[in-house]
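Enquirer: Residue numbers (the numbering used here), protein chains in the order written: chain A, 1 to 100; chain B, 1001 to 1169; chain C, 2001 to 2337.
Hints are computed from structural coordinates only; laboratory data are not their basis.
You may find that some hints are simply not true.
No farther apart than 35 Å at their CA atoms in a straight line, the calculated lysine-lysine pairs in the DSBU-like style are these [what the hints assert, rightly or not]:
1. B:1163 <-> C:2182
2. A:99 <-> B:1163
3. A:51 <-> C:2182
4. B:1024 <-> A:87
5. B:1163 <-> B:1024
Quick caveat: nothing in here was measured; it's all calculated off a predicted structure.
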Amino acid sequence: MVPLSWYVGLSSALFLVGLVGVLVRRNTLVVLLCIEIMLNAVNVNFVAFSKYQHVIDAQILVFFVITVAAAEVAIGLGIIISLFRLKGSVNIDDFNILKL
Amino acid sequence: MEILSFVYFGGAILLSALMVVIFKNPLYSAMSLLSMFAHVAGLYVILEAEFLAGVQLLVYAGAILVLYIFVVMLLNVQTQGRVLQKQAPVVFGAAVVAAVEVAFLISRSHFYPELPPVPQPGVPPLGNTEMIGMVLYTKYLFPFEIASLVLLIALVGAIVMAKGKLKFR
Amino acid sequence: MLNDILAAVIVIAGLLFVVLTMVAYLTYLERKVLSFMQDRLGPMEVGPWGLLQPLADGIKLISKEDIIPQEANKAIFKIAPIISLVPAILSFAVIPFGRDSFHFEGITTHPYLTDINIGMIYILALSSIGAYGILLGGWASNSKYSIMGALRSAAQVISYELNAGMSIIGVLLLAGSLSLVKIENAQQGGFWHWYIFPQIIAFVIYLISGIAETNRTPFDLPEAESELVAGFFTEYSGMRFSLYYLAEYANMIVVSCVATVLFLGGWGSPLPILDFVPPVIWFMLKVYFFLFFFFWIRATLPRLRYDQLMKFGWKIMLPLSFANVIVTAFVVYMIRH
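Could you put the whole structure together from the sequences, leaning on the hints where they help?
Expert: Printed below as a string of structure tokens:
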């Protein structure tokens, strides 16, 4: 039987990888992918706790997270396409028009 | 057996997640993410959440990532210049510190042992799909409706943004 | 434990053999049917009535040179056909093609590989992964025809998969399960129990979406030979080309099998008097009816224009399938309460 702490460890390592990716990568498209990694890390945790505590509600939360992920990608890709049209680039440090 | 499959799926998930961050070409990153989604679905099957495993593949791999690869191919951006941002060394340092801290916390914390399933007299055990359906459409009906509203807003927003200037008549 | 594994291996091997033979002979069947519809004989040279033609084709394709374009992205170019074929073959794992389990010295084999309780979602998920093979193959070829074909195909597969998924929901509501075995069992006892009658709209939508998803005429825009040479597999040759070909035909068989299970009662005979015919025969008859229907459509209809295709999918089929789901849900609720 796999102890629950292994799942928590896997999930936090995954979250960390995603977080580092978001903060480090320059390509906006990859940043969006790394957000998906973070969301998946959370989902793994939810499902593991759902099994070990016998609460089905955690799986419903995963359901909602997947919904939000779908919405987020649709909006995020829309933003990236408009920014690409505006700037001709998808690098995140080119999007600095709010800077003085 | 369970430990073996956990090690396989967990290792594959971590490896492909690292690949997403490491690969220079966004398309390769997307392919690594596809592998990660598939292995996360496998992990869900081990955790007896078959319905979520199916939904994971169907929504993430079938819809989200295809949309994403579509955009990558459409924009066809060549990676030039730096791959990483300027603050990367700081982030790596902070990540190492955070990893050590999380490992320390997990090793020191106490998790509840697995609870035995609550026996319900006279009720045959439901499958994973049925259980999710029961809870989703009773207890979580209102959040479910809100989720559909979120999707609708995202749909409209994506169309408005991707279309550029809208002409109102 | 060991016996179970052995039984599973036997069924897997048998299933693979049957499916691959079916796929190979489907190409022969298609050429024959098309030929007869166009008043000619079709392949006649190899073997009696050209029956060994698929074998000759296979040998030809294997022995041909495997050309990889110089500018192609080699790794992705190589794995794309495999990504396309594997999900198509994997889908057969959940399709129940008969009624009786087979017992032999303590080994029990079922007429299906596995009966998972998310069978329908499994098939939908696999068919959506098949789209990656097309998309990546077209992109990796680094040719304008390929990328156009791939983008068209991906858009088409995504749009029509939605319709197929929505049309299935009506059947799932009636059967109350996602397991294909349970859906089949719910329709036994004569043709009036089949879901084609309460779900006729869903049936038509599913069939049209199935044709579109497998990129068959009149929806074969991704490989429209008059505009795009051969679409996403323009640059492929030899064995890799034939992998795409196999994937397309395997997908056709999957769509036919799913349509049979969902709407025509699977292995059930249409009248109780006809029960003496083995269930497997009934299943195959229905599947071949759908396959013949595919060829028939191909011989009859001209190709659609791309905007017509998209308009038809999103503005006609999708609202219709939504309406079907709502009406079915309402009626099922009224009947059960």
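Enquirer: None of the hints should be skipped; say for each whether it holds.
Expert: Hint-by-hint comparison with the structure:
1. B:1163 <-> C:2182: violated (45 Å)
2. A:99 <-> B:1163: Holds, because 26 Å separates the two Cα atoms, which is no more than 35 Å.
3. A:51 <-> C:2182: This hinted pair holds, its Cα atoms lying about 26 Å apart.
4. B:1024 <-> A:87: The hint holds at about 21 Å.
5. B:1163 <-> B:1024: Satisfied, since the Cα-Cα distance of roughly 29 Å is no more than 35 Å.
Of the numbered hints listed earlier, the single one contradicted by the structure is hint 1.
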